[in-house]
Each structure stands twice: as structure tokens, then as C-alpha cells.
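Visitor: Listed here are the chains, written in short residue letters.
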Amino acid sequence: MKYYIPLTDAIVDDPANYSLVVPLSLERGHGHNTALKDGVQFAWDSTSIGLFKACPRKYKLSIIDGWSAHSMPPPLAFGIHFHTCMQTWHQIISAGMDKDTALLRLVRLAGLLGETLPIGDTARTKETLVRSVVWYIEQFWDDPTETVSLSNGNPAVEYSFTLPFFQYKNLDVYICGHIDRLVKWQGSVYVCDYKTSKYTLDKNFFAKFKPSTQMALYTAACNVIATETQDLPPANGVIIDGIQLGVNFNRYARSVVTYSPEEIEEYLHALQYWIKAAMDAGEAGYFPANESACDQYGGCFFRDICSLPPARREAYLKGKCIKTTWDPLSAR
Amino acid sequence: MTESLHDTETLDKLLAKSASDWTEADRLALVNALRDQRERWNTEQKAGTRKRVTAKATPAPRAKRDLAFEGLKL
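Chains A and B, in that order, are what the protein sequence lines are. If you read the first sequence in the numbering used here, its first letter stands for residue 8, the second for the next number, and so on. If you read the second sequence in the numbering used here, its first letter stands for residue 620, the second for the next number, and so on.
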């Protein structure tokens with residue numbers, strides 16, 4: 008694997024001795040999932056919670072068993088690369104690089120990452136990734152949001168958290184995640200997130216982010232961290248930067264989603280319910296399918312498998328999928 | 620456009636080069652060409668033409684280092 012070093016504009020084989028390193032491939036997790044103990048998950052992120060809420064069987068197949076598509080779906084791959092580019096932008100700006108030089112580094116990074124994108128989606132290519140990044144930076148060149156500094160002085164960019172939440176079945180249960188960026192805007196603090204999509208950035212697009220497992224989790228996590236360690240300030244909510252992807256264009260729109268303390272309290276209460284239900288399912292080894300979720304988001308990846316008799320599913324899975332590990336506890 | 624695009628490097632050709640081989644001049648040309656593409660697309664959008672502005676039809680001339688990256692607003 009190759010790595011890009013944005014502070015020196017170098018591409019290297021060995022990332023040792025460099026402070027800011029960007030891997031130039033889409034690596035997926037493999038091996039033992041450290042968030043599980045005897046088949047019961049105890050460390051939860053928004054992805055694993057969201058999967059269980061949608062369909063316990065889908066959660067079991069994806070997280071417990073680790074089945075996934077042979078190649079990463081283009082929307083996921085593109086989203087990951089866009090996040091990587093923007094994270095790098097904020098990190099090198101915070102390191103003191105001027106914006107003009109930083110932009111040239113970002114262009115190279117977007118090109119390098121774009122060359123690793125899976126084929127098959129004309130709106131998610133090397134060209135569109137480079138354009139998405141450059142047009143975004145142009146759009147928000149004088150961004151009124153300001154990156155928050157952590158208590159150690161580092162910028163609050165790609166902040167990973169693992170927070171003790173409650174105890175259940177003799178296990179300490181944690182909530183985990185990665186906050187892209189924490190910003191100050193108009194006197195309040197917000198979590199920032201980027202969402203790339205081919206769809207129009209209208210009211211319907213932004214309506215997806217409240218209620219939202221992910222956005223509420225990030226806001227809640229910030230507030231828990233603020234109370235317990237003061238490493239971060241408490242957040243008012245989330246600023247979503249929507250990026251519409253076209254073959255020859257991009258559009259951008261920003262929306263603010265706020266959560267009141269009462270809404271956060273309600274969310275955390277419900278989160279406990281869902282996690283306990285998932286842990287009960289894990290202990291019992293029983294994960295029923297939720298058939299009403301089969302048609303969501305263009306159709307569940309496992310729909311073909313679930314439409315087979317149980318005795319034939321394993322063989323079909325081995326033919327259609329590979330084993331990967333989605334471990335909320337693994338460092339980014 | 621009077622100049623033939625056959626004689627000028629275009630955005631799509633520049634993007635097709637390996638990113639590990641992009642020089643600073645290449646990247647400056649890319650940024651300029653992408654700015655130009657955005658400006659022309661905005662113009663078409665405002666005029667209501669819905670005309671595409673493709674990378675193939677966007678020239679990517681070499682530029683000097685001291686560009687003003689003012690940023691374009693939609």
C-alpha cells in the first residue's frame with residue numbers, strides 16, 4: 008500500500024516517521040471483531056445500531072457474521088474518500104499551511120484516491136472526486152465556521168471517541184464514533200458532517216438527518232465528553248454540508264440540525280433500549296428478519312439471500328460475499 | 620471558442636494522467652480549469668439552458684503560481 012504525506016507532497020511506501028499520513032487505498036477491516044464478546048456486541052457505533060434497528064437479521068449477517076459485497080459500493084467508497092480529503096484539508100490548514108498550497112495538495116490527494124474508486128458509477132469517479140473537492144473548497148473558501156480546538160490545542164478534526172454508556176449482562180457497554188470536525192458558528196458549537204448524494208439537496212434530503220441515529224449520537228457524545236472530560240465543548244447539533252454529485256457538475260448546500268437537551272436525553276434513553284435488545288438477540292442467537300426493511304434504499308443487499316430457504320443461504324453467501332470486519336473499536 | 624481544443628490540453632486529458640505524476644503546474648491548470656468549468660456551468664444554469672459543461676470541452680491551459688484563489692460563489 009502507498010501513502011500520501013500532504014505536508015511534504017510525497018508518496019511513500021513506509022508511513023513511519025511522518026505525522027500526517029493518508030493511506031491510498033480502500034482497506035476494509037479483517038480478523039477478530041474486538042467489539043464482540045461471545046457473539047454479543049458491547050461497543051456500538053451508529054452503523055451497527057442503525058443496522059439492528061433496520062433489521063436484526065441484516066445486522067447479524069453484516070456485523071456478527073461479517074458478510075459484505077466483494078467490492079465496496081461506490082457511494083460508500085466515494086463518501087469515505089471525500090471525508091478523507093476534507094479531513095486532510097482541515098488538518099493541514101490547522102498545521103499552518105496557506106490555503107493556496109493546501110488546495111494543490113488536496114487536488115493531488117483527490118486524484119490519488121479517485122484512482123482507487125470502484126468502477127460502475129459515472130457520478131463517482133476520479134474526475135468527480137477532484138471536482139467535488141475543488142468546487143467545495145471554492146464554495147467555502149471564506150467558511151464562517153471555525154474549527155474548535157481540543158483541550159490539548161489540537162484541532163477537533165476526525166475525533167474518535169469510545170464512551171462508557173451503561174452496564175448490561177455483566178458487560179461494560181460503550182458508544183463509539185468518529186466526529187469529522189467540531190466547529191464554532193454564531194456563538195454555538197456544532198458537529199460537522201459531509202453527505203454526498205446524487206439527489207437534489209432539498210428539504211427532503213435534509214429531513215433525513217432528524218431524527219437520525221448518527222447525528223443524535225454525535226451530538227450526544229459531544230455533550231457526554233464535555234460533561235465528563237471537558238476535552239470538547241458541548242454541541243448544539245450538527246451542520247450538514249450536502250454535496251450533490253453529477254457527472255459534470257456539483258451543487259452544495261448547508262443545513263443546521265439542532266438537538267435540545269431534552270431530545271438528547273430522549274435519544275440516549277431509546278439508545279439503551281435498542282442496544283439491550285440487540286445484546287439480548289446476540290445472547291439468544293436469534294435475529295429475526297424485518298421484512299418491511301427489505302425495499303429500503305434501493306433494496307437490501309441481502310434480499311436475494313433472505314428469499315432463499317434457510318438451508319441454502321450459507322452456500323449463497325459464500326458465493327456472493329466476502330468476510331470483512333466492522334469493528335467500532337478499531338482506530339481510524 | 621475560436622481555438623481548437625485539439626491543440627490545447629483539456630481538463631479531461633489532464634485528469635486522465637496519473638495523479639502521482641501531476642506536477643504543480645498540472646495541478647494549477649486543473650484548479651483553473653475546474654474554476655472555469657464551474658463559472659460556465661453557473662452561467663448556463665442562470666440562463667436556464669441546462670447545458671452540460673464537460674471536462675472534454677474545458678480547456679486547461681498552464682498558469683502561473685501567483686493566482687488569486689478568490690473562490691467563486693454560487
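A hint or two may mislead.
Said to hold, decoys possible - Here are the computed distance ranges between Cβ atoms for each label pair: (1) A:G36 with B:E628: 55 to 63 Å; (2) A:Q174 with B:R669: 55 to 63 Å; (3) B:T642 with A:G160: 32 to 40 Å.
Just so you know, the hints here were simulated from the structure itself, not pulled from any lab data. A virtual CB, placed ideally from N, CA and C, is assigned to each residue, including glycine.
Visitor: Work down the list of hints and note, for each, if the structure agrees.
Guide: Hints and how they fare:
At roughly 41 Å, the beta-carbon separation of G36 of chain A and E628 of chain B lies outside the given 55 to 63 Å, and the hint is violated. Between Q174 of chain A and R669 of chain B the Cβ separation comes to about 58 Å, which falls inside the hinted range of 55 to 63 Å. Between T642 of chain B and G160 of chain A the beta carbon distance is about 35 Å. The supplied range of 32 to 40 Å therefore holds.
When each numbered hint is compared with the structure, a violation occurs for hint 1 only.
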